[in-house]
Amino acid sequence: GESVGLHLPTLSVQEGDNSIINCAYSNSASDYFIWYKQESGKGPQFIIDIRSNMDKRQGQRVTVLLNKTVKHLSLQIAATQPGDSAVYFCAETSGSGYSTLTFGKGTMLLVSP
Amino acid sequence: SAVISQKPSRDICQRGTSLTIQCQVDSQVTMMFWYRQQPGQSLTLIATANQGSEATYESGFVIDKFPISRPNLTFSTLTVSNMSPEDSSIYLCSVDQGSEKLFFGSGTQLSVL
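Chains A and B supply the protein sequences, listed in that same order.
Using the numbering used here, the final residue of the first sequence is 113, and nothing's skipped along the way.
Using the numbering used here, the final residue of the second sequence is 226, and nothing's skipped along the way.
The hints are simulated quantities; they were obtained by calculation from the structure and are not laboratory data.
Hints are not guaranteed to be accurate.
[Unchecked claim] Ranges between beta-carbon positions, derived for each pair:
#	chain 1	residue 1	chain 2	residue 2	range
1	B	127	A	60	43 to 51 Å
2	B	139	A	17	16 to 24 Å
3	A	69	B	123	39 to 47 Å
4	B	152	A	58	29 to 37 Å
5	A	45	B	127	43 to 51 Å
[What the hints assert, rightly or not] Sample of chain A residues facing chain B (criterion: CB under 7 Å; computed from the structure):
#	residue
6	42
7	43
8	44
9	46
10	68
11	83
12	103
[Claimed, not checked] Far from chain A, some chain B residues (derived; all Cβ distances over 12 Å):
#	residue
13	129
14	130
15	139
16	156
17	157
18	166
19	175
20	182
21	183
22	187
23	197
24	199
25	207
26	209
27	222
28	225
Since this is a predicted model, take the numbers as computed values, not measurements.
Every residue, glycine too, gets a C-beta built ideally from N, C-alpha and C.
Start from the sequences and build out the full structure, keeping to the hints where you can.
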């Protein structure tokens, strides 16, 4: 099947900085994208999603950007806090059931105080 | 979002034994899923737990190895049978409440010696 991948396995930032986590996908039929946060010892937690008819979606301190031309997805975290330290996964689906929900390998975000 | 309780949270098991993982949701949900997360890896769908019928397994997973029960709309179990060290993973229960967003339990950390 087609793959979803992340550019950076580890991202280290200082508290208060803005963080950007990137994700590339290869399935041009993907129409729904999700970002999950997984803290150590916990299950993935839904952060934000975006559909392919949108370029940008904002949540609380987070923004997801979708560039369908280059098949690129990013998660921006404003004013990063130590509590944001976690592994972040992107996931994508073409909407044909959960068998098509593909998770990326994850990026570890480390926030230093 | 649904509250998903998974137990045990972790276990250390001997080769050749079996472990049953329980997943309890605080509300009725149509779709329940079981995922595996191998060390340092992303999430892989094992199967969809269907209420009142046999689970639907993904490629590479079989019922004899991972029998699943779904007796009602709030509960499911996953058994990891005849375990080997290669089965050491985090096993995650997840649910969809109809919004296409998957919510996850906190996972079961399984170590097989």
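Against the structure, the hints:
1. The hint said 43 to 51 Å for the Cβ distance between residue 127 of chain B and residue 60 of chain A, and at roughly 46 Å that hint holds.
2. A hinted range of 16 to 24 Å is violated for the C-beta pair residue 139 of chain B and residue 17 of chain A, which are about 37 Å apart.
3. Between residue 69 of chain A and residue 123 of chain B the beta carbons are some 44 Å apart, a value that agrees with the proposed interval 39 to 47 Å.
4. Taken as a hint, the range 29 to 37 Å holds for the pair residue 152 of chain B and residue 58 of chain A, whose Cβ atoms sit roughly 34 Å apart.
5. A hinted range of 43 to 51 Å for the beta carbons of residue 45 of chain A and residue 127 of chain B is inconsistent with their spacing of about 33 Å.
6. Proximity of residue 42 of chain A to chain B holds as hinted, the smallest CB-CB distance being about 5 Å (cut-off 7 Å).
7. This hint holds: residue 43 of chain A has a C-beta 3 Å from the nearest C-beta of chain B, less than the 7 Å allowed.
8. With its C-beta approaching chain B no nearer than about 5 Å, residue 44 of chain A sits inside the 7 Å limit, and its interface hint holds.
9. The restraint placing residue 46 of chain A at the interface with chain B holds, with a minimum CB-CB distance near 5 Å, inside the 7 Å limit.
10. Interface restraint check for residue 68 of chain A: the shortest CB-CB distance to chain B comes to about 19 Å, outside 7 Å, so the restraint is violated.
11. Taking 7 Å as the C-beta contact cut-off toward chain B, the hint placing residue 83 of chain A at the interface is violated, the least distance being around 17 Å.
12. Hint status for residue 103 of chain A relative to chain B: holds, with the closest Cβ pair at about 4 Å, below 7 Å.
13. Non-interface status of residue 129 of chain B relative to chain A is upheld: no Cβ of that chain comes within 12 Å, the nearest being about 27 Å off.
14. Here residue 130 of chain B stays apart from chain A, with its beta-carbon at least about 24 Å from theirs, past the 12 Å limit.
15. Distance check for residue 139 of chain B against chain A: the nearest CB is about 15 Å away, which clears 12 Å, and the non-interface claim stands.
16. In this structure residue 156 of chain B is not separated from chain A by more than 12 Å, as the shortest Cβ-Cβ distance comes to only about 5 Å.
17. At roughly 8 Å from the closest C-beta of chain A, the C-beta of residue 157 of chain B falls inside 12 Å, breaking its exclusion from the interface.
18. At the 12 Å boundary, the C-beta of residue 166 of chain B stays outside the reach of chain A, the nearest C-beta of that chain being 16 Å off.
19. Residue-level check passed: residue 175 of chain B sits 16 Å from the nearest beta carbon of chain A, beyond 12 Å.
20. Remark: the non-interface label on residue 182 of chain B is consistent with the geometry, its nearest Cβ contact in chain A lying 19 Å away (cut-off 12 Å).
21. Annotated as non-interface, residue 183 of chain B keeps its C-beta farther than 12 Å from every C-beta of chain A; the closest such distance is 15 Å.
22. Here residue 187 of chain B stays apart from chain A, with its beta-carbon at least about 17 Å from theirs, past the 12 Å limit.
23. Under the 12 Å C-beta cut-off, the non-interface status given to residue 197 of chain B relative to chain A holds; the minimum distance is some 24 Å.
24. Listed as outside the interface, residue 199 of chain B is consistent with that label: its C-beta sits roughly 19 Å from the nearest C-beta of chain A, beyond the 12 Å cut-off.
25. Not every CB of chain A is more than 12 Å from the CB of residue 207 of chain B (nearest about 8 Å), against its label as outside the interface.
26. With a closest Cβ-Cβ approach of about 7 Å to chain A, residue 209 of chain B is found to fall inside the 12 Å limit, against its non-interface label.
27. With 12 Å as the threshold on Cβ separation, the claim that residue 222 of chain B sits away from chain A is violated: the shortest Cβ distance comes to roughly 8 Å.
28. No Cβ of chain A comes within 12 Å of the Cβ of residue 225 of chain B; the nearest lies about 19 Å off, and the non-interface call holds.
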